[in-house]
Amino acid sequence: MTGRHVTPGASAPHQADHARRIWGFHRLASRVSIAVVAGVLGILAVGQFRGQAGAPALAALSATDLTQLIANLTAGNDQLRAEITDLRDQAAHLTEAHDRGETTVDELTGDLGRIRAWAGLTAVSGQGIAITVRGQLGGDGVEDLINELRNAGAEAISVDGVRIVTGVVVAGAPGALSVENNAIGDAFEIRAIGSPQILTGTLTRTGGVIAQIGTTYPDAQLTVTPVDMLTLPATDRTLVPAHGQPRL
Amino acid sequence: MSVFVARLRALPSVQVTLAMALLVLGFLIAAQIAAQGPRIRYSSEERSPLIDTALSLQAQRDSLKTEILGLRQQIGQLEAQDPGAAESLRRLYADLEQARLAAGLIAVAGPGLAFRFEDGSPGSGVDALVSAQDVRVLVEELWLAGAEGIAVNRERLAATTAVIDIGGSILVNSAYLAPPYLIEAVGPPDLYDRLQGSVAFVEFVQGRVERSGLSLSVAQLNSVDLPAFAGTVNPRFARPEPPGATP
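Just so you know, the protein sequences line up as chains Z and V, in that order. For the first sequence, my numbering assigns the number 92 to the initial residue and increments by one for each residue that follows. For the second sequence, my numbering assigns the number 572 to the initial residue and increments by one for each residue that follows.
Hints in this document: simulated from the structure, not taken from any laboratory. Any given hint could turn out to be false.
To be verified - Interface residues of chain Z toward chain V, partial, derived using beta-carbon atoms under 7 Å: (1) Ala120; (2) Val123; (3) Val128; (4) Gly130; (5) Leu132; (6) Gly133; (7) Ile134; (8) Leu157; (9) Asn168; (10) Thr176; (11) His184; (12) Leu185; (13) Glu187; (14) Arg241; (15) Ile301.
To be verified - Ranges between beta-carbon positions, derived for each pair: (16) Ala302/Z x Arg687/V: 52 to 62 Å; (17) Gly299/Z x Ser786/V: 30 to 40 Å; (18) Ser788/V x Arg122/Z: 46 to 56 Å; (19) Gly133/Z x Glu774/V: 49 to 59 Å.
Yeah, the Cβ is synthetic: ideal placement off N, Cα and C, and Gly gets one too.
Start from the sequences, fold in the hints, and give me the full structure.
Here it is in structure tokens:
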């Protein structure tokens, strides 16, 4: 605050009025300054927090992990784009059929067959691989194989003749394996439909899932064979939820 | 010294407040510039462009998934509006809805459980990180206990879903998910009792979760919302067999 020398004997009311005006101006200026500084402070604080919140987990990944993530996302996005193209075609056909006043039985039937096959409700056939398992292998080892097959793009999988769909788990200790309440012996076959090259390459690569299983279960022998034509059965399981209701 | 203190006391509180605000402002500006520094330096290294690419691909993925869900909804509405709504056609449409429900292509809600699965305290080593294997074991136990549908961080698990490790995080349906993981399951009202009755689940909690210091909490809910699966359902290799065909 600026100091002001007041001469004794000067007009007191006038000085008081002048001082009030100056003090009022100073108070207003201070408030505006504080408001401006607080505003800038707020913007900077938000910027700082946002900057720190962006991609926090990605920043922790190594270059190798990031490359793997990018490869996965790229492949996944390509599949999603292909799905969108198909869905757009389907929607266009349905719209045209509606415009012409035609029924869409063929569209519905085709869609139904495709979804049922994908879900495991109907038998499917195609090229893929067969994995022959001999020796002691635990349920976790079989589940690791199934997970890796899915990761490599397997479209349908069966274990010892049982279709693997949502909810089906191969469980049990070595020698006591079971799937869908069916006991599995020490020798059985896992079948998967998909690209034989990709499936085989993914499973058998150095340090891959088969190598890892070999460390945990040294007595288990796994043989991967590409097959031109496999047929996998439909599931016996009821997949429509009994307790969950559609949320449209 | 006493003169300095006296002068300081003579300062109005407004000026002191302003000075402190400016000090914080200066600190924040310095922090902001310092934060920009490593980013600028990183641009010449390999990781920064990779992070940008991954973020961009994730954003694209979210957008594609939204489009897929929208198109599926549109197709469902077009099918339902079919002008020739004969009995056979209505049955076909109902079958289609059931197939979509069975495949996880429709969002569902029902009684269930919500697990929150978190890493142990920082610096406790790799063992204290929730791995894809941990998530898979919990998911498998939920399936065995009778779960009808499961989602991990809002990614619905389907017949083709893989859960794999990537760094200290996981990929589900090719989506990058970071901890904490929210694992939601719809199932029978006694799902939790069934789960607790599983020897393998108890062993997992005692032998892995508690031993490694992971955090696993659960809530029993009257209604759990599971999203629809938004991935591809167009097989390239698998062809449906005619009805009645046996392998």
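(message) Of the numbered hints stated earlier in the document, which are not met by this structure?
(response) Violated hints (numbers, rising): 1, 2, 4, 6, 7, 10, 11, 13, 15, 16; every other hint is consistent with the structure.
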